[in-house]
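Visitor: Join the two chains into one complex using the hints; note that each chain is given alone, in its own frame.
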Amino acid sequence: MPILLFIGLWAIPFAILLKDFLRFEDLSIVLDAKFLKILWFTLYQAAGSTAIAFGIALLPAYYLYRKRNALSALLESAVFIPFFLPPVSTVIAFSLLFSANGLFARLGLQLPILYTVWAILIAHAFYNSPIFVKYIGTALRAIPPALEETAISEGAGRFARFWWIEGPLVFPAIAKAFFLSFTYSFMSFAVVLNLGGLRFTTLEVAIANALRGQFDFSRALVYAIAQFVCLFILNALLTLVPDTSTGSPTLTLSRTRPSPITTIGSFLYAAFEYGLVLIGLLGFCYDFWNRTFSFEPIARLFSPEFNRRFPVVRSLFNSFAVASVAAIGSVTAAFLFGKAREKWAQRVIMPTLGVSSAFLAMSLLYLHILFGLPFFPLLTAGYFLSTLAVAYAFMRPMVRNFPANLVESAKIDGASRFRIFRSIEWPLLFPVFAAVFFQVFAIVFGEFTLPYTMQIRDYFPLASVVNYAMNAQRYYREGAAFSALNIGIVFFLFLVSNAIIQKRRLT
Amino acid sequence: MNRYRQFWVILFLCVGIAGFSAIRVYTYESLNWLHESLIPLFEQQTGIEVTLVSLGDAGNILSRLLLEKRHPQSDVVMGLDQTLAYRAFTEGLLEPVDPQNAGRIVDRSLDFEPGGYLYPFDYGALAIIYDPERLPLPPSSFREMTAYPKSLLIQDPRNSSTGLSFLLWTIAVYREEWKAFWEALQPAILTVTSGWSEGFAKFEAGEAPMMVSYATDGAYSYHYYGSDRYKAFVPEEGAFLQIEYVGVTKGSSNREEARQFVEFVLSEEVQKELPLNQWMFPATPVEMPEAYAYAVNAPLHVTLSQAEVSENLDLWLSEWEEIMY
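Chains A and B, in that order, are what the protein sequence lines are.
For the first sequence, our numbering assigns the number 1 to the initial residue and increments by one for each residue that follows.
For the second sequence, our numbering assigns the number 508 to the initial residue and increments by one for each residue that follows.
Chain B with its partners taken away, still in its complex shape (with noise of 0.2 Å):
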């Protein structure tokens, strides 16, 4: 009985030394998806295990990364938009990573800056959806949706990456004159919800005629319900593009394995999958799916630089409050 004992607790050891790997990696809930096939892909191609840890909304990532950050508990953050992704780099909560599938990015706009931290997978531009049976005559701009009262839910720029994009959507359009603009939308907002999933939810319930969403929502739409029930436009002014990166974590104890994580998510097998899935086009060149003839497209796009955003957030955010409350 003993051999057998010691048998086990050598054969237990040998296992350890010779590297049984595994990975901890940080996203929200809408990428829980990549359990079904593409983390056991992973798994079976490196003989790593992934722990996939669904932190609700991409707010929630950072939270847990601030929270952490004296003592790492993660090897991989994905899901981290242009802002919020600028705040994690600025708190020193990233590693620079340098994955071989990061030359298969075509646009470089979608870059991170600086450079080697962050790898954009995939992004999408906003729009406002509305309901064609409730408000036939949309709006095609933001000027005009000022003229459509209690009829736009929009999300809590402090609380949802989405509403936050809106904001920062808005003072890239009107720049000096954002707030003079938000003053004239303030009484066509009917509210302003935690999260998307809580607008979405209102906005299916009839609430509002129109909500701050993602211009592949038609393309959603169609896939899953064959028709376009609810419809997109994107604002004559200019489309605002949210990106989504993925990186390592600084004080990753497994830098290698997180490496070949990002390496995996820049694939073709992950990159083909996002489309369905997460609703948002790849970073990478691959073919897109029919529904996405449905997606609202738009020529003119506007942007703020990550810089200019991280240096005046808290003052737009403070400006906003008052606006608001």
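Excised from the complex, chain A in its bound form (with noise of 0.2 Å):
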């Protein structure tokens, strides 16, 4: 019953919009060879992006494995970039190193990659490849010791057990990141738009086009079923893959150390991951372009008179509001269907993540046309809708893992399931819940195109389009002032919540 109210929840907005502009005639754009010119180009670059990623996840996830220290907390804490930073702030960074003026061409290295396909997949790199650190370095440490301490003692080197051992226990938890970090990549807009350019264009971009550009919304809505299609096809085949997890939910360490070249590589990886965040925080007190330092920018932001330019105030208020509740809803549902140990949930669910969001706002917007819905609850539902599946993600190994023994005691002894859920579940699972919600409440929080493409601003301000605002109207030092409040907002709950995780993990 809960799955099919999704179902609903998804297809409603859509059913309407496809009835009143999709053109049937136009599902033949599927044949023409542009599109199939726009749909290679969009998995190449989601292939090649997450190649890459995989690539540069692997030694710090196997530090992950072997260490606990500052360093391995840093890279564990990683995964929260993609969901946090926003794309703009990439953007800026790949400028100031990457362009003829940049940091590197000014140290006399001239690296042209900013405008080229090897821009697009760096930076796609640098948004999922924590998402493989995260995944791979968790499976790995689910891996019982004593595993491990057998083939040594039986003799195996580091190959053998990586063959025999640890890869096949992996394996499941790299397909799982590897549909995401593809999703993400398959469906990226910002990065492929700003960092390639126009001879890049993948379906996200070719929606956007189609909507914005040439108000052709039948065409936009078959680019979208394509997207869609692809990606639900892609997740049916990972469900295929069997689960070999351990099933332990307990975290441990392997006994040997790091390698040299493993730590080297892992500090490389840090510094290139938070180098990008420290380059968007830079920028609520330096100015890029002038090269100065100023607090003048982030004052301004909240003097009254800015304000009534740009909703700063009331953007950062909507902001927390919507991200709060879509992530209580989020999280909430996220348990319940991962509860649910049947893999439909998994079939129905996964997939959304494939739905764009520029065709998502745009069903949202029209049901706000036609009945008057207030956009409050439009967006909620839409964040809820759109981070679900993020949620389910990260959470479905942790339900799926909780030891069922315990319930079924609880049950035996007469405890309500609300009872289970308040004396078991909940404080068991409450670091699960913390994380994930403060994942989707980061998501939310910096999210951009829905609200932009409904075109909010002065109706329901979020903090995202206030954002956008400010750089249009050339306000470019207040506009990197406020993304740089913003990364710092989520990162400041980031830790107060990882303090709140310890303190009850201590307790």
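In case anyone wonders, no lab produced these hints; they're calculated from the structure.
It cannot be assumed that every hint is accurate.
Said to hold, decoys possible - Below are the DSS-like pairs computed for lysine-lysine, each with C-alpha atoms no more than 25 Å apart in a straight line:
no.: 1; chain 1: A; residue 1: 339; chain 2: A; residue 2: 67
no.: 2; chain 1: B; residue 1: 686; chain 2: B; residue 2: 657
no.: 3; chain 1: B; residue 1: 738; chain 2: A; residue 2: 37
no.: 4; chain 1: B; residue 1: 657; chain 2: B; residue 2: 738
no.: 5; chain 1: B; residue 1: 757; chain 2: B; residue 2: 576
no.: 6; chain 1: B; residue 1: 576; chain 2: A; residue 2: 34
no.: 7; chain 1: A; residue 1: 19; chain 2: B; residue 2: 576
no.: 8; chain 1: A; residue 1: 339; chain 2: A; residue 2: 411
no.: 9; chain 1: B; residue 1: 657; chain 2: A; residue 2: 19
Guide: Listed below in structure tokens is the structure:
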């Protein structure tokens, strides 16, 4: 029943939009050479980006497996970067580093990667490799040490241990990370548009062009359907991967120390990931264009005069409200669906990652136009729908591996469902709830496509669109300061939630 | 207590019946400055409440109007340029209106055809802006621009009104030869940005020394920074004007109020504010500020008829895509 409700929530807005705007003859677009070219490039860049992300994630993932210290904590936390760092910060960072006037050019190092496919691949690898680090690292840690010890005592070398033990046990985690990374690259919009340029059109860019440039809603719908079908097929194939997880919820550390190459590689990786975040945060007080320090722009953000033009404070409140409600909804639904052990939940939820955000936004906007539905519930519902898959992907393994005997014993003792949840599941799964809540909150807080496509700045301003409006009206310094402030807020919440999680773990 | 309640209900109904009126105006981000003093002035003069809705860029306005075609939510549309305006007209999204202040428009070449649907409120020529520090010897014609590899930022004509105007400009100059020109221009283009703002951010970051922009950028630079840090030139082949229009949305339930707003936009009060806020030339004669001495003027203009554009636009965009993509 809940899954039917979930399908209905997706289907109703789309069905209304399709009914009014889809021309069936446009479905033949999928046979056009132009469409096939776009599809080919979308697949090519997603596969390439995912391969690079996987490659650069291996050493840090092994480091996570073998060590627990400040660096491993940083590497593990990097999984939040793709979700809270807005693409615009990455674009600015790439421009500052790689442009003809950038840092590398000044140092005499010509790296002309901007507006080439390499810029897209590297930016996507930056965004998606932390997913591989987290998934592979966690899966490796879940391997019982006894297995490795036995293999070592039997004389198995490093490669043999990888091939016969680690590889097979980690493969399902790689498959899940592959799906997320591939999907994010496949759906990429801002990075492709800003770092690749026009020559590199993906399906998501084509959807935006059709919606906003050619005003051809029917064509956009066909592209969006094609995009969804591709990712649906991919997800269906991945559900065939057998789950060979050890089922061990305990996180263990390998007894082998990380090699110097693993350590150096992990340091460089952390520098790459956090360096770009640092550039985004520096916008708080540093004017990249004039190369001067000033706190004036950040102070101006809160002046009443500035807020009359750009509702900064209001947008922060709105973003907090929408992100909190959507995150609570996603975490709750992900927990409930995670408990349903059947594969159909995964088959229905995960492909929703492939739904175009621009398309979802148009559907929600159309509901507002037709029925006058207020923007707050529309946005919250939109974000709930679009983040449930992420929440589900992160929660499902934890919920599935939850010791069933505890729940069974409580049931035998006559405890109600609510009592079991309050006294057993909630305390034990609290770190998971908190981490996933924070992750969804961060995604929603920085998300841009939905409110931008819905053009709601004058109705219900959110931080990301107000930030965009500042840049559009040449308030670059204030825009950079506001962007840094948003990154700082999410980072601060991340630290607070981590502290709470640690405290709860200790108690 | 009940008596008080009845009083308030009756008062509320009376206000409603007496014609408490409000209009919704769709415009784009850069016209948001109207909020500051002009909208309150209009509200004070007419008693009509205005909700100004900024919809990103001009393309977003048309996109929203198309989405709302069967359920109109707006009364006035402001900021569509020639191409978008013609599309709005052919889609049946506009209502004829007859403001008296239309008589103040002197240059009849700015008029929208067919007449009566939309009125020009400002216009400006496109230009190439450049950074003289990085490009001390700029080109002076389109043809010369092709000799500067990876030096030019342009906007996507499928998404940006500036980008589309640039494409139309080159077609107006080169006519049947425009595709050959674009093939020659391609190596000079560093990248195609989705809109003017994104392009200007890259230009300011020093990614390329030239960008497609507006002839008034010199005036803007002088007004805000006291210097013309960036210079502009109009290629010698001729200038191309971008004209912005205001009109009434079809299906508006407040037609008279909407007409009054169109009237207001063409009045001197609004027109005299355009040069230093919108950085465009007003459609009616007003005294121009000093900074406009730094705006580039071009004696020669090239144009395309709206009908010609409308007839060929899809084909041109598709041919342009083939060249560039």
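Visitor: All the hints need checking, so say for each whether the structure fits it.
Guide: Evaluation of the provided hints:
As the CA atoms of residue 339 of chain A and residue 67 of chain A are separated by approximately 32 Å, the hinted pair breaks the 25 Å bound. Note on residue 686 of chain B and residue 657 of chain B: the hinted pairing holds, with a Cα-Cα distance of about 19 Å set against a maximum of 25 Å. Restraint check for residue 738 of chain B and residue 37 of chain A: not satisfied, since their Cα atoms lie roughly 40 Å apart, outside the 25 Å limit. For the hint linking residue 657 of chain B to residue 738 of chain B, the alpha-carbon distance of about 19 Å falls within 25 Å, and the restraint holds.
Of the pairs offered as hints, the one joining residue 757 of chain B and residue 576 of chain B holds, with about 8 Å between alpha carbons and a cut-off of 25 Å not exceeded. With a C-alpha separation of about 30 Å, the suggested pair residue 576 of chain B and residue 34 of chain A falls outside the 25 Å cut-off, and the hint is violated. In summary, the hint linking residue 19 of chain A to residue 576 of chain B is supported, as the alpha carbons are separated by about 15 Å, within the 25 Å threshold. Between residue 339 of chain A and residue 411 of chain A the CA atoms are separated by roughly 16 Å; this keeps the pair inside 25 Å, and the hint holds.
For the given pair, residue 657 of chain B sits about 45 Å from residue 19 of chain A by alpha-carbon distance, which is inconsistent with the 25 Å threshold.
Hint check: violations occur at hints 1, 3, 6 and 9; the rest are consistent with the structure.
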